[in-house]
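Q: Here's the letter readout for the chains.
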Amino acid sequence: MSVEDELLELVRDIAAKEVVPRAVSYEQEGRFPREVFTLLGEAGLLGLPYPEEHGGGGLPYSTYLRVVEELAKAWLAVGLGVSVHTLSCFPTFAYGDLSRLPEMIGGSLLGAYCLSEPQSGSDAAALTTRAAADSGGYVVDGVKAWTTHGGVADFYTLMARTPAGVSCFHVPAGLEGLSFGPAERKMGLRSSPTAQVRFDSVRLAHDALIGAEGQGMRIALAALDGGRLGIAACAVGVAQAAFDAAAGYARERKQFGSRIVDHQGLAFILADMATAIAAARALYRDAAALRDAGRPYGTRAAMAKLFATDTCMRVTTDAVQVLGGYGYVEDFPVERYMREAKVLQIVEGTNQIQRLVIGRAIAKADPM
Amino acid sequence: MNIVVCVKQVPDTATERKLRSDDKTLDRDAVDGVINELDEYAVEEALRLKEAHGGEVTVLTMGPAKAADTIRKALAMGADKAVHLVDDALAGSDALSTSYALAQALGRVGFDVVVLGSESTDARTGVLAAMLAERLGVPQLSQARKVEVNGSAVTIERVTDYGYDRVEASLPAVVSVVEKINEPRYPSFKGIMAAKKKPVETLGAADLEADAGQLGLAGAWSEVVDFAVAPPRAAGTVVKDEGDGGAKAAEFLASKKFI
Ligand SMILES: Cc1cc2nc3c(=O)[nH]c(=O)nc-3n(C[C@H](O)[C@H](O)[C@H](O)COP(=O)(O)OP(=O)(O)OC[C@H]3O[C@@H](n4cnc5c(N)ncnc54)[C@H](O)[C@@H]3O)c2cc1C
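Residue numbers (the numbering used here), protein chains in the order written: chain A, 1 to 368; chain B, 1 to 259.
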């Protein structure tokens, strides 16, 4: 077995024994599975794509994404949590103080990424949270919205406005003036806390700055390129889980004297689902291969995010259809997958914004 | 302390298992091999003994080439090195010939304590620990739910129908464990990487200085004469409740001597 196969076997083992058994009840209660992330951290799964010399796994992004897909298939709150954590570490890795990285990706800490604000979502560059210069460093005031792991994270990667433009900061949890709104009451993905992060004269030292002042938007968008691949992998995982449930059901359920999968009209739905999932997986792996080869991959990542999450929405909706009435009730998992799918079309850039990114690349005749 | 943990690769219990029609032994090629579940507990206990007392944990496996995957899993959990007994001459071993081969290997490797799971999910004979101890001439402590080593003594809590017995013996000894003993750790990604670099010694039948007639199918004392697929489960008995459902259900249970 290759290292990648052994790693995936470990991930499947953890998913089956530790993740799947918690998903249903935790989602109902909106409970955050911190202990699962602790376990993933101990297993060395919270820093896979970062170099070994900084405490990471030194693995290609494509392998890391297979891990994310496998975890999301078991439970989106976990797969997406790993993706957001990995995204939150990227600015420090690519632009920041590398001596900080081993602890961030070492497994005991969990990160969050603060870009969106109540009044600036898609138009992220319109953010108004301010980091004013101060004798010892910076003083931050403002409100960040929709922060995944808001209130439970150990550090926050923050985009805030400085005189030179948007800048990126490393904010450890527990600073004075840092507080959190109540967790949003969401349609799905309830075990992944999403909350406002409020900065009330939060003082940061000089070395909290990641990269240079004014470089923040560039850093934020570079992080999102990778993050979008994580979301694409999550979407493929959820879609695969929905397909597996629907196909298994269709092979057992009988109507009109035969298994419903033997009714061509229904088998065609499943055939389209399986095909779309395979295509989505191939697309995110293709984008990841570009990234692993050190080539520009942002446009391809936007395509993967767009296609995989739209696929996930359609596949999960069809999975409910395949189960009929049973698909619409909580006794079967597919209604949960359908509720989870929706958020993937919105986060890390809505799918309209992905099209906008792709459209701009076309207009500039960028290589795709 | 020199700790040896015996680990077996078994067919995944989640898949359908088949016997070969020619020699009526398990068809190991047709199924995915996984580490025998109880052996994960044995590995964990071996690692805990090492963590408490120092020393080294050696994995000992007898099995075909693909059992190397199972060895690597034990190494990824934290064992230090492994011995893989692999030879066509060992195929078809029963418990007696297995215990002979393992005992010969253990004589060569040396040990203070041998830890193993109390049975495997494929053959389920549950006799290997006893046979090994006998062949090695050392005490056997079986069905342990707790193990403690103190100097040159080993004490276990042996699970019984009525509770447990405290059993003590001197080292070297053979200890078999049950699943109550611990919670096996997951390997870590770093453990998986490190396992690649750990030494695995491969031994063949010739290395055992053994009597060839006692090894493998030739040395097996038991023979599978015939086998049949388990019949599908018959339809259950339905008791219709017409006011006397409780009494009828009780009657049924009494007829089967359940109550
Ligand atoms: C569960 C969850 C977790 C999240 N986690 C995080 C996080 O960790 N960190 C973080 O920073 N943010 C996070 N977000 C925020 C998320 O990134 C934003 O919700 C998203 O970017 C959209 O912003 P908005 O909600 O303000 O919608 P708006 O930007 O107001 O968009 C509303 C609608 O208008 C469309 N639209 C906007 N502009 C255009 C345009 N130019 N052309 C065409 N259509 C357009 C959008 O596609 C959308 O359909 C999270 C959101 C959710 C729901």
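Worth flagging that the hints you see were computed from the coordinates, not collected in a lab.
Glycine included, every Cβ here is placed at the ideal spot set by N, Cα and C.
Accuracy of the hints is not assured; some may be wrong.
[Claimed, not checked] Among chain B residues calculated to face chain A with C-beta under 8 Å, some are:
{"hint": "1", "residue": "Asp69"}
{"hint": "2", "residue": "Arg72"}
{"hint": "3", "residue": "Tyr186"}
{"hint": "4", "residue": "Pro187"}
{"hint": "5", "residue": "Ser188"}
{"hint": "6", "residue": "Phe189"}
{"hint": "7", "residue": "Lys190"}
{"hint": "8", "residue": "Ile192"}
Q: Do the numbers back the hint for Pro187 (chain B), that is, is its least Cβ distance to chain A under 8 Å?
A: holds, 6 Å
Q: Closer than 8 Å between Cβ atoms is the bar; does Arg72 (chain B) clear it against chain A? Give me holds or violated.
A: holds, 7 Å
Q: At a threshold of 8 Å, is the proposed contact between Phe189 (chain B) and chain A supported by beta-carbon distances?
A: holds, 4 Å
Q: If you take the shortest Cβ to Cβ gap from Lys190 (chain B) to chain A, is it below 8 Å?
A: Where the cut-off is 8 Å and the nearest Cβ of chain A is about 5 Å from Lys190 (chain B), the hint holds.
Q: Taking the least C-beta to C-beta distance, is Ser188 (chain B) closer than 8 Å to chain A?
A: Since chain A brings a Cβ to about 4 Å from Ser188 (chain B), closer than 8 Å, the hint holds.
Q: Is the shortest C-beta separation between Tyr186 (chain B) and chain A less than 8 Å?
A: holds, 5 Å
Q: Grab the minimum C-beta distance from Ile192 (chain B) to chain A and call the hint holds if it beats 8 Å, violated otherwise.
A: holds, 5 Å
Q: Under 8 Å, Cβ to Cβ, is where Asp69 (chain B) needs to be relative to chain A, so tell me if that hint holds or is violated.
A: holds, 6 Å
In this structure, every one of the numbered hints holds.
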